[in-house]
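Chain by chain, the residues:
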Amino acid sequence: MDLAALLSRVPTLADALDGDQRTLTHLGIVLASPRGITSVIHSLNLLERQLLTMAAMYDGAVERTTVAAEAGDARELDQAVSALAMLTLAYPAHTEGAWLVLRPGVLRHVPLPGIRIYGALANLSGADLDMLLQRLGASDIPYRHEDRRRLVGTLLRRPEVATELYRNLEPEPARILDVLIDHGVQRVADLGVKPFDRWERHGGPLHTLVQMGLAGVDLRTQEVFSWLDLRIGLRGRLFSDWSVQPPAVTVRPLNDPGPGTPRVVRRMHMLLDHFSTNPLPALAAGGIGVRPVRAAAKGFGMADGDVGLLIHLAISLGLVGPTEDDLWAPTPAVTQFMGLSPVAQWAAIIAAWRTAATVDETSGLPNRWSGEMVWPPQSGHRTAVVDVLTSLEPATGVDEQTLTRLCAWHHPDALGAAGADSIVQVLRLLDLVPADGAVGLTTMARALLEGGVKRSEKIVGPGVEQVVIQADHSVIAPPGLTPRVATELAAVAELQSDAGAQIWRITPQKIGHAMAEGWTRDQLIALLKQVSSVAVPPNVLVTVDDVAARHGRLRAGTVGSYLRCDDPVDLSAAAAVSAAKLRVLSPTVAVSPLARHKLIATLRSKGLMAIAEDAEGTAIPIRRVVGAPLPETGIPMIDDQGPTDPLTLAQDLLSS
Amino acid sequence: MTDIGRDDPNNPLIVQSDMTVLLEIASPKASDAREALAMFAELLKAPEHIHTYRITPLSLWNAAAAGLSGQEATDTLTAMAKFPPPPAVLAQVREQISRYGRLRLVRDFDSGGLALTTDQPTLLDQITGDPGLASLLGDRLDGNRYAVRIGDRGAVKRQLVAMGWPPADEAGYEQGADLPIDLTCTPRPYQGDAVAAWWADGSAAGGNGVLVLPCGAGKTVIGLAAMVQAGTRTLVIATSVMAARQWIAEALDKTDLSPQDIGEYSGYHKDTRPVTVATYQILTWKQPGVAEGADLELAHPHLSLLDREPWGLIIYDEVHLLPAPVFRATARIQSIRRLGLTATLVREDNREEDVFSLIGPKRYDAPWKELEAQGWIAPAICTEVRVDMGDDLRLAYAAAPRQSRYRMAATAPAKMKAVDRIMDRHRDDRVLVIGQYLDQLRQVAAHLDAPLVTGQTSQTVREERFEQFRRGELDVLVVSKIANFSIDLPEANVAIQLSGAFGSRQEEAQRLGRIIRPKSDGGQAHFYTIVARESIDATFAVNRQRFLTEQGYSYDIIDAARL
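Those sequence lines, one after another, are chains U and W.
Going by our numbering, the first sequence opens with residue 3, and the numbers climb by one from there.
Going by our numbering, the second sequence opens with residue 623, and the numbers climb by one from there.
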């Protein structure tokens, strides 16, 4: 047995053996276990999967001629059978008589594209089984129940038997059977017949099919199905299409950004930084809701799913966690994370994604976090997609459709058509593939996946903490700029290009924004001087000074009401009323936190005859604003105590 | 598998996946890298530390036209890169370079016309699927050739360039009538290099294209040297009458041509001589009453000048300003050698591809700072002087409609005081005061007691005042935007810019170009731009300065009070 080949094809087997369990005995135990067999089956490519299915359909052993009748006589068939033997799913060729013979215990784990009649008849009584066999023309009926069931399948797979059954059908049952054979499971309603009731006296086409043993109905879901055995008998083949070779691939050049700190690291830093000042509110159930995720996505100009995924990964890495105040915020682990090199941080994020148990790309990227585990886990699928990408030639990529076809051949379970968009979105977000264009591993990603962190770091070089600031306000950061510096730079400069080296531009708008967030002029200049490897050009410093000089000259606030008066003396008198809480802004204008009607009432109570005005300055009648109570009308007031408790009401009624 | 290692950290290039290339000037290999890179990449900007180049299909086709192979280009990038270049960039470089010349426009001696030919018949099948091109092609002569009418030579080239398949134009040129001519001065080395790059030993592969040199680098001399090289009747198209007359004066001064050999074709004169200098305005003058969409020659009768005479060479001055009708007319005269001269290939109308296909590829490019370092243009100190608008003007400015704000800020009275202070600093210098608004210029002229030259000044008076300035009889000249282009005032060493055209980057460069002609005493040039603080004038000033800062100039920003 080629153990290395086996383990390289099924890396999860190696993962299942840890520490002192790394012995052949343990491997044998794992291989014989349902988990082991399932893992191996998941590693099969499409051709191997189809062969396995054929063998399962023929009760665990199939002849080459049977397969070749469907798939054509191809050399790849024998290679695939050898691979199945190497993977311990089948016996080596010809050792057990037939061409492909499954090992014991394998058959029950083979995923089938429909229902085999052997399983469907498990609960059928012996007498009914005999009747069915006799109807199918069986002469020598075996003794054991399972052998009889096998015989039913064998007979249905025979063209002469299946055709004879079909020929005896009325047109309507024949039509329904055609649909079931060609398109698999159908809802009863979709077939244009009444809901199936087994006690229906008059019967119908479905009853005919069921009574003849040609179809079954799930009474709960009202779904009708026929047997794969019958498909072979009637159509002469199990699969409509056999792919004995991987699909032809037309590769395209890759928009590889080259060496550099992956953007996802900076994005993660930005998110952590954001969450440290704006912790995420926890839902009553303890998770994170959609709103804060959307708000963060909007703030950073990212898709909701991208931010959601990064939050899931941050939680997986322990970088974000719940606080005692019902919030989610960065944890002390962030400090340790930041201490890693940028490439090591990237590697940690990638590893977190590959093992993420709360993310299911096949249903889109998450925009919330509930902590629920996805079942089945998606890690194997992610590995499969990455494996397909790794198998491409370096510096090349494919379009998304080709990736889907490649995955469908190499790892049929890995990537449904629905999952292709999401998984590519994730790959792009994580900088494993370029942000646009063909899908293929970037130089950095390939180095990381094939050679680990050290090899990636070798490409990008040591982290860069210094940039070049030029008189045209551009800032050039070589590849490998540390996320810390990048995050700081983002406060004063706009990222214009991230195509390897980063090109930023210092703009008055960004400086103004930084000042609005609390940076001072001196802090900004200190930052520029600290990160620049050359003298900061004087005109750049002047730009900072210009913005600083204008920043904050206009100020806005919220007030309850204002008071204006053309005569400063009157306004001063009003300002002297402490209850009015007035703040004089100019000799003729003052503002108060009180609502307008309260301010007026307060001033009028002190003899200052203030009136209200609207936005255009037109006086408003005083009664509308002062809110004086209406005069007594003599009508008795209803004492409204609010809604009455029914129990109290009942008790009151009883006691009365 | 080969080891993916980090390349030499002393290498000066960083190749970006967006097809830009960063060049670190401080690297010891920067000079070599610049020389190699300039062959196939456009210099986008050249600030003080890191220059940015962009590799475009056009730049690669230009390189291919000059004989560069894809392997040589990728070798340059790989050998000079600090980090491994993105493979997609290398693939794109190889692909685009390989495209040039796979289609060729050649003489077809059977029909007497032209033929579009290739070694790859499938390529012909592919491109003729384009209806725009198919309508320009004649019969398929054989598997490898399509007939092309001589008059469609330019249109076919333009269409193929737009489709991404630039043809090699090997149909050759008409010689034009002979004109013996020689230079009476010695061109500078870079001027000689530029002309040699354009001429390409007289082969069909040369004889067309654009030379890019800074203002003040002597593009007129290069044009004259090209005329000497071609030795044939030449039509020069200049931007204005002033510029045309300067061409004539330079030709008389620096060649052995006599006044009888040179004619002016403008709104004032219609002389057609062996060397004729025309203006864009006269060529694009539109016949009144001609309907839209009428025949080009009917609408613009003076365009017939282009093929009325047996020209052997047409020189387009300031080719980045070439107007659309001249483009269309140029498409028909592809058998005449063409030379474009400019300080920048950037066109506001994004018609760089038309320049490539109709005038020709860029043949030579010299960075400003490089020529300054070699002493061919004067070093310049750029200063932005900030003035306050004053409370009253600030209030009026704040309340003014948006469209009139720039004028209010640009003409702030406080600028006058700043002009005075600058004039005090430069008592012995030759000063140009340049502005946009005539009222402001009149005030300044009256205040400084200096003559004013604007578009309203008659041609005779203009020339007289410029001549007085050249002779040293005037120290100060106040000029409007007419002085932006092609006015040769070599002794001016100080420029004071009061206002500009809403932040046009070219304008600032052109104005600086007025004063960086090398000085006889080797002195420096001073460029002052006076801006009103905290106004749209300051915002526009930042935009205007960007081109020059990208060329490596830096601005000192000072308050007027500190002058």
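Read the hints as simulated data drawn from the structure, not as lab findings.
For every residue, glycine included, the Cβ atom is placed at its ideal position computed from N, Cα and C.
Watch out, some of these pointers could steer you wrong.
Under the rule of at most 20 angstroms between Cα atoms (straight-line distance), these lysine to aspartate or glutamate pairs were calculated in the DMTMM-like manner [stated by the list, open to error]:
hint, chain 1, residue 1, chain 2, residue 2
1, U, Lys300, U, Asp243
2, W, Lys991, W, Glu1129
3, W, Lys991, W, Asp654
4, U, Lys300, U, Glu519
5, U, Lys512, U, Asp275
6, W, Lys1141, W, Asp875
7, U, Lys531, U, Asp548
8, U, Lys456, W, Asp630
9, W, Lys667, U, Glu496
10, W, Lys1039, W, Glu931
11, W, Lys892, W, Glu931
12, U, Lys531, W, Glu670
13, U, Lys531, W, Asp1178
14, U, Lys512, W, Glu1156
15, W, Lys991, W, Glu646
16, W, Lys1039, W, Asp1050
17, U, Lys512, U, Asp548
18, U, Lys460, W, Asp630
Across the chosen pairs, the derived CB separations fall in these ranges [said to hold, decoys possible]:
hint, chain 1, residue 1, chain 2, residue 2, range
19, W, Glu694, U, Asp401, 24 to 34 angstroms
20, U, Thr252, W, Arg724, 19 to 29 angstroms
21, W, Asp741, U, Asp401, 22 to 32 angstroms
22, W, Ser1026, U, Thr279, 35 to 45 angstroms
23, U, Leu556, W, Pro1035, 44 to 54 angstroms
24, U, Gly320, W, Thr1161, 42 to 52 angstroms
25, W, Glu694, U, Gln247, 37 to 47 angstroms
26, W, Gly754, U, Val251, 29 to 39 angstroms
27, U, Asp401, W, Thr1161, 42 to 52 angstroms
28, U, Gly289, W, Ser1026, 39 to 49 angstroms
29, U, Gln247, W, Gly734, 50 to 60 angstroms
30, U, Gly559, W, Thr1161, 53 to 63 angstroms
31, U, Asn280, W, Arg724, 36 to 46 angstroms
Which bits of chain U does chain W cover? Going by a derived footprint, with three or more residues having C-beta under 8 angstroms, they are [stated by the list, open to error]:
hint, stretch
32, 251-257
33, 468-476
34, 538-552
Hint check results:
1. For a cut-off of 20 angstroms, the pair hint linking Lys300 (chain U) to Asp243 (chain U) is broken: about 46 angstroms separates their Cα positions.
2. Note on Lys991 (chain W) and Glu1129 (chain W): the hinted pairing holds, with a Cα-Cα distance of about 18 angstroms set against a maximum of 20 angstroms.
3. About 16 angstroms separates the Cα atoms of Lys991 (chain W) and Asp654 (chain W), which keeps this hinted pair within 20 angstroms; it holds.
4. At most 20 angstroms may separate the alpha-carbon atoms for a hinted pair to count; Lys300 (chain U) and Glu519 (chain U) meet this at roughly 17 angstroms.
5. Of the pairs offered as hints, the one joining Lys512 (chain U) and Asp275 (chain U) holds, with about 18 angstroms between alpha carbons and a cut-off of 20 angstroms not exceeded.
6. At most 20 angstroms may separate the alpha-carbon atoms for a hinted pair to count; Lys1141 (chain W) and Asp875 (chain W) meet this at roughly 19 angstroms.
7. Between Lys531 (chain U) and Asp548 (chain U) the alpha-carbon distance is near 17 angstroms, which keeps this suggested pair within the 20 angstroms criterion.
8. About 18 angstroms separates the Cα atoms of Lys456 (chain U) and Asp630 (chain W), which keeps this hinted pair within 20 angstroms; it holds.
9. Using a Cα cut-off of 20 angstroms, the hinted pair Lys667 (chain W) and Glu496 (chain U) holds, with the two alpha carbons roughly 18 angstroms apart.
10. Distance hint between Lys1039 (chain W) and Glu931 (chain W) is unfulfilled; the C-alpha atoms sit about 55 angstroms from each other, more than 20 angstroms.
11. With a C-alpha separation of about 13 angstroms, the suggested pairing of Lys892 (chain W) with Glu931 (chain W) holds against the 20 angstroms cut-off.
12. Between Lys531 (chain U) and Glu670 (chain W) the alpha-carbon distance is near 17 angstroms, which keeps this suggested pair within the 20 angstroms criterion.
13. With a C-alpha separation of about 18 angstroms, the suggested pairing of Lys531 (chain U) with Asp1178 (chain W) holds against the 20 angstroms cut-off.
14. Proposed proximity of Lys512 (chain U) and Glu1156 (chain W) is supported: the alpha carbons are some 17 angstroms apart, at most 20 angstroms.
15. Using a Cα cut-off of 20 angstroms, the hinted pair Lys991 (chain W) and Glu646 (chain W) holds, with the two alpha carbons roughly 15 angstroms apart.
16. The suggested pairing of Lys1039 (chain W) with Asp1050 (chain W) holds, with an alpha-carbon distance near 19 angstroms, which does not exceed 20 angstroms.
17. Taking the CA atoms of Lys512 (chain U) and Asp548 (chain U), the gap is near 13 angstroms; set against the 20 angstroms cutoff, the hint holds.
18. Only pairs whose Cα atoms come within 20 angstroms are accepted, and Lys460 (chain U) paired with Asp630 (chain W) is accepted, the gap being roughly 12 angstroms.
19. Checking the proposed 24 to 34 angstroms range against Glu694 (chain W) and Asp401 (chain U) shows it holds: the Cβ atoms sit about 32 angstroms from each other.
20. The given range of 19 to 29 angstroms is respected by Thr252 (chain U) and Arg724 (chain W), whose C-beta atoms sit roughly 22 angstroms from each other.
21. For the pair Asp741 (chain W) and Asp401 (chain U), the beta carbons lie near 31 angstroms from each other, so the given range of 22 to 32 angstroms is met.
22. Between Ser1026 (chain W) and Thr279 (chain U) the C-beta distance comes to about 43 angstroms, which sits within the given range of 35 to 45 angstroms.
23. For the hinted restraint 44 to 54 angstroms between Leu556 (chain U) and Pro1035 (chain W), the CB-CB distance of approximately 26 angstroms leaves it violated.
24. For the pair Gly320 (chain U) and Thr1161 (chain W), the supplied restraint of 42 to 52 angstroms holds, since their beta-carbon distance comes to about 47 angstroms.
25. At roughly 40 angstroms, the beta carbons of Glu694 (chain W) and Gln247 (chain U) sit within the given window of 37 to 47 angstroms.
26. In this structure the hint that Gly754 (chain W) and Val251 (chain U) lie 29 to 39 angstroms apart at CB holds, the actual value being about 34 angstroms.
27. The given range of 42 to 52 angstroms is respected by Asp401 (chain U) and Thr1161 (chain W), whose C-beta atoms sit roughly 44 angstroms from each other.
28. At roughly 57 angstroms, the beta-carbon separation of Gly289 (chain U) and Ser1026 (chain W) lies outside the given 39 to 49 angstroms, and the hint is violated.
29. A beta carbon spacing of about 56 angstroms between Gln247 (chain U) and Gly734 (chain W) agrees with the range 50 to 60 angstroms that was offered as a hint.
30. At about 28 angstroms, the CB distance of Gly559 (chain U) to Thr1161 (chain W) disagrees with the hint of 53 to 63 angstroms.
31. Distance hint check: the CB atoms of Asn280 (chain U) and Arg724 (chain W) are about 58 angstroms apart, inconsistent with the given range 36 to 46 angstroms.
32. Look at the stretch 251-257 of chain U against chain W: 3 of its residues bring a Cβ nearer than 8 angstroms to a Cβ of that chain, three or more, so the hint holds.
33. A stretch counts as covered by a chain when three or more of its residues have a beta carbon under 8 angstroms from one of that chain; for the stretch 468-476 of chain U and chain W the count is 6, and the coverage holds.
34. Only when three residues or more bring their CB closer than 8 angstroms to a CB of chain W does the claim for the stretch 538-552 of chain U stand; here the count is 8, and the claim holds.
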